[in-house]
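Top line first, the protein sequences correspond to chains A and B. At position 222 of the first sequence (counting the first as 1) the number is 223 in my numbering, and the numbers step up by one without a gap. At position 258 of the second sequence (counting the first as 1) the number is 302 in my numbering, and the numbers step up by one without a gap.
A couple of the hints might just be wrong.
[Claimed, not checked] Restraint ranges, calculated between C-beta atoms of paired labels, are given here:
| hint | chain 1 | residue 1 | chain 2 | residue 2 | range |
| --- | --- | --- | --- | --- | --- |
| 1 | B | 97 | A | 22 | 21 to 27 angstroms |
| 2 | A | 118 | B | 51 | 49 to 55 angstroms |
| 3 | B | 213 | A | 197 | 52 to 58 angstroms |
| 4 | B | 213 | A | 257 | 32 to 38 angstroms |
| 5 | B | 213 | A | 110 | 38 to 44 angstroms |
| 6 | B | 148 | A | 69 | 37 to 43 angstroms |
| 7 | B | 148 | A | 159 | 40 to 46 angstroms |
| 8 | B | 58 | A | 137 | 54 to 60 angstroms |
| 9 | A | 247 | B | 97 | 51 to 57 angstroms |
| 10 | B | 58 | A | 159 | 24 to 30 angstroms |
| 11 | A | 13 | B | 156 | 34 to 40 angstroms |
| 12 | B | 213 | A | 13 | 53 to 59 angstroms |
| 13 | B | 113 | A | 165 | 52 to 58 angstroms |
| 14 | A | 13 | B | 58 | 47 to 53 angstroms |
[Unchecked claim] Here are some chain B residues the structure puts well away from chain A; computed CB gaps all over 10 angstroms:
| hint | residue |
| --- | --- |
| 15 | 87 |
| 16 | 104 |
| 17 | 110 |
| 18 | 182 |
| 19 | 229 |
| 20 | 285 |
I should point out that these hints are in silico values taken from the structure, not numbers from a laboratory. Keep in mind that this is a model prediction, so the values were computed, not measured. Glycine included, each C-beta is placed from N, C-alpha and C at the ideal position.
Each chain is listed here by its residues.
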Amino acid sequence: MRLINRRPDRTAGLLLAILPFALVLLAYVLGSAERLAENPADKLLPSLATIGDAIVRVAFTADPRTGDYILWADTLASLERLASALALSTLIALVAGLLIGLLPGVRALLASFVGMVSMVPPLALLPILFIVLGLGETSKIALIVIGVTPFLIRDLAMRVQELPREQIIKAETLGATTWQIALRIVLPQILPRLIDGVRLSLGPAFLFLIAAEAIAADSGLGYRIFLVRRYLAMDVILPYVAWITLLSVIMDFALAKLRDVAFPWFGGAK
Amino acid sequence: MTAIQVEHLWKEYGDQIVLENIFLDFAPRSFVALVGPSGCGKTTFLRILLSEEKATRGRVLIDGKPLAGEPGADRGVVFQRYSVFPHLTVLGNVLLAAEIPGAPFTGRLFGAARRRAQEEARALIAEVGLTGAEDKYPAALSGGMQQRLALAQAIMRKPKILLLDEPFGALDPGIRGDIHALMLKLWHSCEMSVVMVTHDLKEAFTLATRVIAFERKRNRSEERERFGATIAHDIEVWPKRIAGQPRINPSDRDGPISPEDTGRDDPALLSV
Numbered sequence: 002m003r004l005i006n007r008r009p010d011r012t013a014g015l016l017l018a019i020l021p022f023a024l025v026l027l028a029y030v031l032g033s034a035e036r037l038a039e040n041p042a043d044k045l046l047p048s049l050a051t052i053g054d055a056i057v058r059v060a061f062t063a064d065p066r067t068g069d070y071i072l073w074a075d076t077l078a079s080l081e082r083l084a085s086a087l088a089l090s091t092l093i094a095l096v097a098g099l100l101i102g103l104l105p106g107v108r109a110l111l112a113s114f115v116g117m118v119s120m121v122p123p124l125a126l127l128p129i130l131f132i133v134l135g136l137g138e139t140s141k142i143a144l145i146v147i148g149v150t151p152f153l154i155r156d157l158a159m160r161v162q163e164l165p166r167e168q169i170i171k172a173e174t175l176g177a178t179t180w181q182i183a184l185r186i187v188l189p190q191i192l193p194r195l196i197d198g199v200r201l202s203l204g205p206a207f208l209f210l211i212a213a214e215a216i217a218a219d220s221g222l223g224y225r226i227f228l229v230r231r232y233l234a235m236d237v238i239l240p241y242v243a244w245i246t247l248l249s250v251i252m253d254f255a256l257a258k259l260r261d262v263a264f265p266w267f268g269g270a271k
Numbered sequence: 045m046t047a048i049q050v051e052h053l054w055k056e057y058g059d060q061i062v063l064e065n066i067f068l069d070f071a072p073r074s075f076v077a078l079v080g081p082s083g084c085g086k087t088t089f090l091r092i093l094l095s096e097e098k099a100t101r102g103r104v105l106i107d108g109k110p111l112a113g114e115p116g117a118d119r120g121v122v123f124q125r126y127s128v129f130p131h132l133t134v135l136g137n138v139l140l141a142a143e144i145p146g147a148p149f150t151g152r153l154f155g156a157a158r159r160r161a162q163e164e165a166r167a168l169i170a171e172v173g174l175t176g177a178e179d180k181y182p183a184a185l186s187g188g189m190q191q192r193l194a195l196a197q198a199i200m201r202k203p204k205i206l207l208l209d210e211p212f213g214a215l216d217p218g219i220r221g222d223i224h225a226l227m228l229k230l231w232h233s234c235e236m237s238v239v240m241v242t243h244d245l246k247e248a249f250t251l252a253t254r255v256i257a258f259e260r261k262r263n264r265s266e267e268r269e270r271f272g273a274t275i276a277h278d279i280e281v282w283p284k285r286i287a288g289q290p291r292i293n294p295s296d297r298d299g300p301i302s303p304e305d306t307g308r309d310d311p312a313l314l315s316v
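Only chain A is shown next, with the shape it has when bound in the complex (with noise of 0.2 angstroms):
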């Protein structure tokens, strides 16, 4: 049988899916052991029962000083600088995409200039945010909101432009405004794309967030990461990174997830 036509079945297709995670882990334990076996001091690749005992650490022991739990001291932060940004860029994208999408008039206002703004890096105007905004939560949101922004309209103006002409033109033969178009037509159709585009972007949210809080902040994920780099605290940073990981993934499914519940015909009609 060719090899295009032979498909695993569901234990089969579980275990391709889980080896690769194996690989990694059995790579990183047999490393592990070698190098500890030369040294036990080392700190490059810690053992999973020094992480193990990181993680307790971090997680599950107040923290002396503050008596917070630090991971999740440090994951409320940054999910609350995440969200809100997010939040404020959705609303942004989902305003103005619609409009560039739907209205000639708005569309040769700013689509050019959203096109070249979304060439802007980012990272780039981060000193500006910080020197104009301070080093408090309105830079790092800011930041974010300035990088993903853009492509969430620029995404979200194509798929407006990407409906069906011949939808629009029966709207209006059904008499509807441009309000009723954009209301009743095009927003109901872009919301589960929004939703796409969201879970496409919360990588690069995550990149612009921790490198913000890499560079000033007094909590959060990133700020984490790299204060303990000072000491080579590879067993909290492989955790942290590792937590980072599974918050986008649980955050990418469940707006899947929405989106599946929220939109059913969504899947058909694609």
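With the hints as your guide, set chain B onto chain A.
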């Protein structure tokens, strides 16, 4: 009662002439089929009637008044594809045609008005044979059912003119026969004129009161740019179909001969 007059109509794209000096006069309640080879401008003509395209020269009058500059509720349309809204259920699609005029700001009806509109929509859905599918999304419907839905949605708005752009072209012959019967029923029962583009001659003669063939008379390669399509044939379909008077036994011209069908013009058949 809606008459359409087309006077002196030219359509050019840059140097390319597509339609050349078209004169047409459609009687109220007529069912006109536009036929012709691909690229002869029949769809362009329909798009002009829809105000999606502007005529380069000449004008179109509806009941003596010039055509509006953009598509409007006086002219309903069914395209070959994408005529229904994928994010609305069957009922939602038909209901939308009542919600738009009924609720300018929210685009939604509530309470008694909604119930009334729903009743009307359900009746129409039943008339086009989609009973039981009210809560399905269009993606779950077959091509024929989607076109039935598109017809119901267009008719719910009570257009004076219904424009059809190869609406049944993608359907298989059996389904097409059923939907033809539906189309005739709707034309008989609704106060509207129909203009249909089709490349299927049999379909044209099965449905229409009048068949108009577009053709490029000069089609040599050096002539093609500078000569557009004109009306090559304008055929009154016989026996006459009259809107609102469905024939009792409408036999299909290409179908098996039915001896009871007095509509046929060959008396020899009657003596069999």
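Range hint compliance [Cβ, residue 213 of chain B to residue 197 of chain A, 52 to 58 angstroms]: violated, 33 angstroms
Cβ distance range 49 to 55 angstroms for residue 118 of chain A and residue 51 of chain B, holds or violated: Since the Cβ atoms of residue 118 of chain A and residue 51 of chain B sit about 50 angstroms apart, the hinted range of 49 to 55 angstroms holds.
Assessment of proposed distance window 38 to 44 angstroms (beta carbons of residue 213 of chain B, residue 110 of chain A): holds, 40 angstroms
Outcome for the supplied range 52 to 58 angstroms, where the beta carbon pair is residue 113 of chain B and residue 165 of chain A: For residue 113 of chain B and residue 165 of chain A the Cβ distance comes to about 22 angstroms; the hint is violated.
Minimum Cβ-Cβ distance from residue 110 of chain B to chain A exceeds 10 angstroms: holds, 18 angstroms
Distance restraint hint 54 to 60 angstroms, applied to the beta-carbon atoms of residue 58 of chain B and residue 137 of chain A: holds, 59 angstroms
Outcome for the supplied range 34 to 40 angstroms, where the beta carbon pair is residue 13 of chain A and residue 156 of chain B: Taking Cβ atoms as reference, residue 13 of chain A and residue 156 of chain B lie about 59 angstroms apart, which means the hint is violated.
Non-interface claim for residue 229 of chain B versus chain A (Cβ beyond 10 angstroms): Holds, since 21 angstroms exceeds 10 angstroms.
Beta-carbon spacing of residue 213 of chain B to residue 13 of chain A - inside the hinted bounds 53 to 59 angstroms or not: violated, 45 angstroms
Whether the CB-CB distance between residue 97 of chain B and residue 22 of chain A falls inside 21 to 27 angstroms: violated, 57 angstroms
Residue 58 of chain B versus residue 159 of chain A beta-carbon gap, inside 24 to 30 angstroms or not: holds, 28 angstroms
Claimed clearance of chain A by residue 87 of chain B, with the beta carbon kept past 10 angstroms: It holds; residue 87 of chain B is separated from chain A by about 12 angstroms at its closest Cβ, greater than 10 angstroms.
Figure legend: structure checked against the earlier numbered hints; hints not met, in rising order: 1, 3, 6, 7, 11, 12, 13, 14 and 18.
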